[in-house]
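Asks: Each chain, letter by letter, is given below.
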Amino acid sequence: MRSLFYVLSSLAIMALAVWAYNENHKTQQSKAQVAELRREIRSLREAISVQRAEWAFLNRPDRLRDLAEVNFDRLKLMPITGAQFGRIDEIVYPLPEPEPAISDAIEVLGEIRHTAEDERP
Amino acid sequence: MIRIPLRPLPRVLQARAQGENPLHIERENLRLRHEQMRDQARRRAEWRLIFLAAFFFMGFALIGARMGLLAASPPHEAAAFQGEDIAAFRAEIQDRNGRILATNLVTNSLYAELRYMVDGARAAQELARILPEVDADRLAARLTDPNRRFVWIRARLSPEQVQAVHEIGEPGLLFGPREMRLYPNGHLAAHVLGGTSYGQQGVSAAEIIGTAGIEHRLDEQLRDPATADAPLRLSLDVTAQAIAAEVLDSGINMLGARAGSVIIMDAHSGEVVTMVSLPDFDPNNRPAPPTEGDPTDSPLFNHAVQGVYELGSVMKAFAVAQALELELVTTETMVDTRGPLRIGRHSINDFRNYGAQLSVSDVFVRSSNIGTARLAQQIGAERQREFLRSFGFLEPATIELAETARARPQFPDRWSEISSVTISYGHGLSTSPLQLAAGYATLVNGGTRVVPTMLRRTAHVPGERLISERTSATMRSLMRQVVTRGTASMAEVEGFAFGGKTGTADKPDARGGYARDRVIATFAGAFPMNDPRYVVVVTLDEPNETSSGEARRTAGWTVVPVAAEIVRRTAPLLGVRPQSNAESTAAIEAALRLR
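Chains A and B, in that order, are what the protein sequence lines are.
With this note's numbering, you'll find the first sequence wraps up at 106, consecutive numbering, no jumps.
With this note's numbering, you'll find the second sequence wraps up at 1088, consecutive numbering, no jumps.
The set of hints was computed from the structure by calculation and includes no laboratory data.
Any given hint might turn out to be false.
Here are the computed distance ranges between Cβ atoms for each label pair [to be verified]:
id : chain 1 : residue 1 : chain 2 : residue 2 : range
1  : B       : 958       : A       : 69        : 35 to 43 Å
2  : A       : 37        : B       : 987       : 57 to 65 Å
3  : B       : 845       : A       : 76        : 47 to 55 Å
4  : B       : 655       : A       : 65        : 37 to 45 Å
5  : A       : 37        : B       : 714       : 18 to 26 Å
6  : B       : 692       : A       : 37        : 20 to 28 Å
7  : B       : 655       : A       : 55        : 53 to 61 Å
8  : A       : 55        : B       : 625       : 27 to 35 Å
9  : B       : 562       : A       : -6        : 18 to 26 Å
10 : A       : -6        : B       : 608       : 58 to 66 Å
Ideal placement from N, C-alpha and C gives every residue a C-beta, glycine not left out.
Pulled out of the complex, with its shape left as it was, chain A reads as follows (with noise of 0.2 Å):
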C-alpha cells in the first residue's frame, strides 16, 4: 500500500515536471515571437511612415500645380473660381420623356383590382 502509494506520488511529481518544463518552454517561445512580432510591428511603423512622408511629399501643392499643367491637354484644369459654382434653382429639370406613340393595339398585363374607392357613388 504505501509503497504503491509512494510509485504514484513519484510518478505524479515526474508528470508535472514534464509538464511544467513544457510550459516554460512553450513561454519562452512565445516571448520570442513577441520579440520578434514586435521588432516587425516597429519596423513597419517605421515603414508606415516613410509612406506617409512619401505621399506627402508627392502631393505637394506645387508637384501638383505642375503636374496639372504638363498635362493640361488632356486634364484640362483650371483654377477653381466663384463663376464655377452655381445655385440649385439655376439647375434645369430634365424634360420629361416624350410620351411613347399611340399604336392601335393596347395590351395590358395584370388585372384591375376593385377597392373600397371605386365603389364609391
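We have chain A; now place chain B onto it with these hints.
Replies: Positioned in the frame of chain A, the structure of chain B alone reads:
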C-alpha cells in the same frame, strides 16, 4: 531534566541486604535510560521528517497554486519597450485638414570607431568620393590619428549613400539610426514651421530641437513623449497657403517688390488659415541667420509677423470706427477737409485735393488724411490710445510663433496731439500685418476681440466686445464701398463681396525722415462683406507699377489686384458660397437698417 541515578544507594543497600546483585540494578537503569534517549531521538527525527515534508508540500503547493493562477489569468502583453509605440519622438505637424506639414524620417548617421578601422587613409579617400563636401586629407588625418577613438563623419545619410559606404567594406565605419525632421512641402509655410536642428547627439539617437517658428515655440509640447503620437493640428490650410504664395510671388515679380506677405484669418475665431511671407526658405535646410546687412532682407524674416511697419491709411478704419462708436459723428456728418491742416509745426496734406468738405463715409472711402485727422482731434489722444490698446496694437501679438516676442509695436511714449493725428491715418504707430488682421477681424465680425492663433480650434468662444454690432455693420458697409466706389476698385471679386481699405505708407529712410519713392502698400479687408468669414491682409514692400509708363506705387494699383486675385482663387476652396452682388449688397444694407 532529572536524571535517575544509575546506582541509587537505597536500592543497592536493599539488594545487598536481600542478597541480590546490585549490578542488575545498574544495568536495568542503564537500559531504561537508553530507551528514554532512543525515544527522544526518534521523536526528534520524526518531527524533522514531518517538518521537511510539510515544507516541501507547502513549497509544491505554492508553486502549483501560482502556476494555476498564472494559467487561469487572462493573457496580457508585457510592458512595451522603448521605441515600439513611438516611431516618432517628435509629434507630427498637420494642417487643418490633416495634411502633413512636418514629419519624421529615420535615416542613418555615419561615424567611425578607430579601433575597428583597418585602413583609415583609404576609407577617407572613398568617403570623399561619396560625400562631396568631405575633405579627404583632413578626414584621413582624423581617421589615422592614434589619439582618437571616435570620429563623427556626418549626421544624415541618404539610403544610396548608406549603400555606397557599405560597399567601401571598412569595418570601422558604423551607422547610427538618426531621426530626421522632414517638411514634405518644402518652402510652403516655411515661416510658420520655422525649422529644427540637432541638439545633443549620441550614437543611437539625437535630440531634435526646434529653432524657429512653431517648432521652437511649442518645442516642449512637440517633444513630450506622452503626446508624440498625437499630431499637432495647425489652423493652416495647405491649399490656400500654396495658392496665396503663388499669387503673391507672381505679384512681387510683376511689381518688382522686395518682399510681401499674406494673412488670411478666420474673422471670428482668429485661426490663421494662410500666412505667407516672401522671400522664403526651405525649412529642410534652414539657412543660417544673416550676420550683416539688413535683417529684413533675409529670407528668414517673417514679414507677416516680424514686419513691424507704419501701415498708413489702413489704420483710418480704427479712427472712423471709434468716432462712430463714440457717436461723435454718423456716416453722413460733413467733415472739413480743407488743406493743409496745420498742427504746431506740422502740416497735413491729402493725396489729392478733396474740396472743402466730405462726409465721414467719403473720408474713409476716398481716404482723406485731413478728414481722419479731424476725427482724431474730436476723439482726443487719450481715448484713441485706450481704443488702440484694447485692440492689442500696443503690445506684441500673442501667436504661437517664436518670432512674435521680438516684434514689438512702436509708438510714441508721449501720445501728443500731433502723434494722435498722424496715428489716425497710420503714421507714428508701427504694427505687424498679423495684428492688423486681428484688428480688422474685430471691426467686421460684429465687434468682438479676436486673438490670432496658429492652432486649429474646435470650439469658438466670442471674445470681449470692443465695438457695437451697429458700428461693425457700418464699417462693413464702408469697406465694401471702398471697393465699389473708392480707392480699391480693382478688388472687386465676382461673387464674394470683397471689401477693405487700402494703405500706402512711405517707408522711413535711414536719416529719420520718409523716403519719397519707397512705400509699403497694404490692403486689409474681409469677405464676404455681408457676413465676413475671412479677413485678408496683403502687404507689398516697395512695389512699383510701371505698365502705364510712369511708376505708380499707391496700394490701389499694386497690392489691391494681388489681394483680389488671392481672394478669387482661395475663397471657393475655403468653403465660402458665392452669391450675386445684389444679394450681398442687400444683406449689407439690411444689417445697417436693423439697429
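Asks: Indicate whether the distance between the beta carbons of residue -6 of chain A and residue 608 of chain B respects the range 58 to 66 Å.
Replies: Given range 58 to 66 Å: holds, Cβ gap about 60 Å.
Asks: Hint says 35 to 43 Å; check whether the CB-CB distance for residue 958 of chain B and residue 69 of chain A agrees.
Replies: Check passed, 38 Å falls within 35 to 43 Å.
Asks: Quick check on a hinted range of 57 to 65 Å for residue 37 of chain A and residue 987 of chain B, using CB atoms only.
Replies: 39 Å, violated
Asks: That 18 to 26 Å hint for residue 562 of chain B and residue -6 of chain A (C-beta), does it hold up?
Replies: 23 Å, holds
Asks: Verify the CB-CB distance for residue 37 of chain A and residue 714 of chain B against the hinted window 18 to 26 Å.
Replies: Holds, at about 21 Å.
Asks: Look at the Cβ atoms of residue 692 of chain B and residue 37 of chain A and judge whether their distance stays inside 20 to 28 Å.
Replies: Between residue 692 of chain B and residue 37 of chain A, where Cβ atoms are some 25 Å apart, the hint holds.
Asks: Taking the beta carbons of residue 55 of chain A and residue 625 of chain B, is their distance inside 27 to 35 Å?
Replies: 31 Å, holds
Asks: Honestly, do residue 845 of chain B and residue 76 of chain A meet the 47 to 55 Å range at C-beta?
Replies: At roughly 49 Å between Cβ atoms, residue 76 of chain A and residue 845 of chain B fall inside 47 to 55 Å, so the hint holds.
Asks: Does the hinted range 53 to 61 Å hold for residue 655 of chain B and residue 55 of chain A at CB?
Replies: Since residue 655 of chain B and residue 55 of chain A have Cβ atoms about 33 Å apart, the given range 53 to 61 Å is violated.
Asks: Using the beta carbons of residue 655 of chain B and residue 65 of chain A, state whether their distance is inside 37 to 45 Å or not.
Replies: 43 Å, holds
Of the numbered hints stated above, those contradicted by the structure are hints 2 and 7, listed in ascending order.
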